[in-house]
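Participant: The task is simple: from the sequences and hints, build the whole structure.
Letter by letter, the chains look like this.
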Amino acid sequence: MAGQIEAKLAELGITLPLPMQPLANYVPYVVTGNLVVVSGQIPAVDGKVAITGKVSWGVSLDQGKEAARLCFINVLVHLKAACGGDLDRVRRVVRLGGFIAAPSEFDQHALVMNGASDLAVAVFGEAGRHARSTIGVPSLPADASVEVEGMFEIQ
Amino acid sequence: MAGQIEAKLAELGITLPLPMQPLANYVPYVVTGNLVVVSGQIPAVDGKVAITGKVSWGVSLDQGKEAARLCFINVLVHLKAACGGDLDRVRRVVRLGGFIAAPSEFDQHALVMNGASDLAVAVFGEAGRHARSTIGVPSLPADASVEVEGMFEIQ
Amino acid sequence: MAGQIEAKLAELGITLPLPMQPLANYVPYVVTGNLVVVSGQIPAVDGKVAITGKVSWGVSLDQGKEAARLCFINVLVHLKAACGGDLDRVRRVVRLGGFIAAPSEFDQHALVMNGASDLAVAVFGEAGRHARSTIGVPSLPADASVEVEGMFEIQ
Numbered sequence: 001m002a003g004q005i006e007a008k009l010a011e012l013g014i015t016l017p018l019p020m021q022p023l024a025n026y027v028p029y030v031v032t033g034n035l036v037v038v039s040g041q042i043p044a045v046d047g048k049v050a051i052t053g054k055v056s057w058g059v060s061l062d063q064g065k066e067a068a069r070l071c072f073i074n075v076l077v078h079l080k081a082a083c084g085g086d087l088d089r090v091r092r093v094v095r096l097g098g099f100i101a102a103p104s105e106f107d108q109h110a111l112v113m114n115g116a117s118d119l120a121v122a123v124f125g126e127a128g129r130h131a132r133s134t135i136g137v138p139s140l141p142a143d144a145s146v147e148v149e150g151m152f153e154i155q
Numbered sequence: 001m002a003g004q005i006e007a008k009l010a011e012l013g014i015t016l017p018l019p020m021q022p023l024a025n026y027v028p029y030v031v032t033g034n035l036v037v038v039s040g041q042i043p044a045v046d047g048k049v050a051i052t053g054k055v056s057w058g059v060s061l062d063q064g065k066e067a068a069r070l071c072f073i074n075v076l077v078h079l080k081a082a083c084g085g086d087l088d089r090v091r092r093v094v095r096l097g098g099f100i101a102a103p104s105e106f107d108q109h110a111l112v113m114n115g116a117s118d119l120a121v122a123v124f125g126e127a128g129r130h131a132r133s134t135i136g137v138p139s140l141p142a143d144a145s146v147e148v149e150g151m152f153e154i155q
Numbered sequence: 001m002a003g004q005i006e007a008k009l010a011e012l013g014i015t016l017p018l019p020m021q022p023l024a025n026y027v028p029y030v031v032t033g034n035l036v037v038v039s040g041q042i043p044a045v046d047g048k049v050a051i052t053g054k055v056s057w058g059v060s061l062d063q064g065k066e067a068a069r070l071c072f073i074n075v076l077v078h079l080k081a082a083c084g085g086d087l088d089r090v091r092r093v094v095r096l097g098g099f100i101a102a103p104s105e106f107d108q109h110a111l112v113m114n115g116a117s118d119l120a121v122a123v124f125g126e127a128g129r130h131a132r133s134t135i136g137v138p139s140l141p142a143d144a145s146v147e148v149e150g151m152f153e154i155q
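Protein chains in written order, with the numbering used here: chain B, 1 to 155; chain A, 1 to 155; chain G, 1 to 155.
Note that these hints are calculated values from the structure, not bench results. Where hints are given, some of them may not hold.
Because identical chains cannot be distinguished in the list, a pair is counted as satisfied if it fits within a single copy or across any two copies.
As the list claims (entries may be wrong) - Result set (SDA-like, lysine to any residue): computed pairs, CA atoms no more than 25 angstroms apart in a straight line: (1) K48 / L61; (2) K48 / R129; (3) K80 / R91; (4) K80 / V31; (5) K48 / R91; (6) K48 / D107; (7) K48 / P103; (8) K80 / R129; (9) K80 / G13; (10) K80 / A127; (11) K8 / N25; (12) K80 / E153; (13) K8 / A24; (14) K8 / Q108; (15) K80 / G33; (16) K48 / Q63; (17) K48 / N34; (18) K8 / R89; (19) K8 / V94; (20) K80 / V94; (21) K8 / D88; (22) K80 / N25; (23) K48 / E105.
Facilitator: What follows is the structure in structure tokens.
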């Protein structure tokens, strides 16, 4: 039987893909105590980076926000695996870190990162309200437009 | 009766303002176990970003250091709220992350971030000695010159 | 008697130098509960930054990877101190954060950061498989080409 969070994902029209493994010598998540640390995720869909380039420089604010949303979906995929498949074990989204590839004059990082934050709250409700740090970066792995990492408390 | 840390802040001439809430779907801090994670703070004073632009490019090293200090004051504001108003509950400043908006040839990040680190030690003494990561970034939310995030152990 | 991890380091031909203290008001590591947080490390050797400049812009991919490896050796130095000298107390490399100084068109961050990740797994085996976030940055303290920070679980 699907849990409450899975039901909420279905209601939001989100199907979590199967986890992809990192292409290098690291893992997508580590559990330590009741904390889950999820590796930085890029907006990959079906194994391809869906949104590349710099936000405000070829990539619109809306595309940037969608990139952040896709990153968070990939965070959820690995969080689910960390929970043994049961997202109802998530007690709190503790922290999201957002990295926005953009030129030096960019100043709308918060709007872009809301693509991830809004989804966190839509999925987890009050437990989805998280601490967050968002910064601009000149470049990201595979030319991704956004990267999002996460820390979660589970039971 | 004010606590020891409040007394130290008064001695340093620092009045903590009331907490400002983030303008988006996240919160200024999360408590998990005895850890407090504080969201990235910018040098905002009375709701306005006091120091904007790139350090060494219009913003001097001293202004950058002052920006880092202002960021840490905002971190303290939220840390105090996380402690239910009693900063004497802070057992350790665990980690500060510092993001310095600067051009690619900049190399004085450590000096700038000392504006936050020095205040942490001035306020908390030995318990204020923290792990730290400092990096350069091309841009920050709202064109802030510096952003500082924190992790703390409380009792 | 040397521990298992020390023996592995010897086998890899790695001699850990004595810890260098940060030049500012912070410390190289903090222990909170059974977590160790290690400050961002640059590729310093004998007190000098061995690899400076931007990866792909004067610094080759191989040099960048070597820089990441040197950063992780410095992380190990402080982790060992955090463990009271006994690296066998490390239960898990929880997370590595990698910051790669590079121009905005760079997209090979993952390859560079593998210099740290590969060494983590070579030294700690399964316990060395970690979560990781890697991003590009315009500049780092002391013009370092790479900076690596770490979080570890110890017993």
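Participant: Does each hint fit the structure? Answer for all of them.
Facilitator: Hint check:
1. K48 / L61: The answer is both: 21 angstroms in one copy and 23 angstroms across copies each meet 25 angstroms.
2. K48 / R129: between (29 angstroms within a copy, 24 angstroms between copies)
3. K80 / R91: both (13 angstroms within a copy, 23 angstroms between copies)
4. K80 / V31: Answer is both; intra-copy 12 angstroms and inter-copy 22 angstroms each pass.
5. K48 / R91: Cα proximity of K48 and R91: none, with 31 angstroms in one copy and 34 angstroms across.
6. K48 / D107: between (28 angstroms within a copy, 14 angstroms between copies)
7. K48 / P103: both (24 angstroms within a copy, 23 angstroms between copies)
8. K80 / R129: both (18 angstroms within a copy, 19 angstroms between copies)
9. K80 / G13: So K80 and G13 pass the 25 angstroms test inside one copy only (17 angstroms; across, 39 angstroms).
10. K80 / A127: both (15 angstroms within a copy, 21 angstroms between copies)
11. K8 / N25: This pair counts as between: shortest inter-copy Cα distance 18 angstroms, intra-copy 34 angstroms.
12. K80 / E153: Both ways: K80 and E153 sit 12 angstroms apart in one copy and 22 angstroms across, limit 25 angstroms.
13. K8 / A24: Between copies only: 21 angstroms across, 33 angstroms inside.
14. K8 / Q108: neither (29 angstroms within a copy, 37 angstroms between copies)
15. K80 / G33: Both: 16 angstroms inside a chain and 21 angstroms across chains, each within 25 angstroms.
16. K48 / Q63: Classified as within; 16 angstroms inside a copy, 28 angstroms across copies.
17. K48 / N34: neither (32 angstroms within a copy, 38 angstroms between copies)
18. K8 / R89: within (14 angstroms within a copy, 38 angstroms between copies)
19. K8 / V94: Within. Shortest intra-copy distance 20 angstroms satisfies the 25 angstroms Cα cut-off; inter-copy 30 angstroms does not.
20. K80 / V94: For K80 and V94, the Cα distance is within 25 angstroms both inside one copy (15 angstroms) and across copies (18 angstroms).
21. K8 / D88: within (11 angstroms within a copy, 41 angstroms between copies)
22. K80 / N25: The answer is both: 21 angstroms in one copy and 22 angstroms across copies each meet 25 angstroms.
23. K48 / E105: For K48 and E105, the Cα distance is within 25 angstroms only across copies (19 angstroms; inside one copy 28 angstroms).
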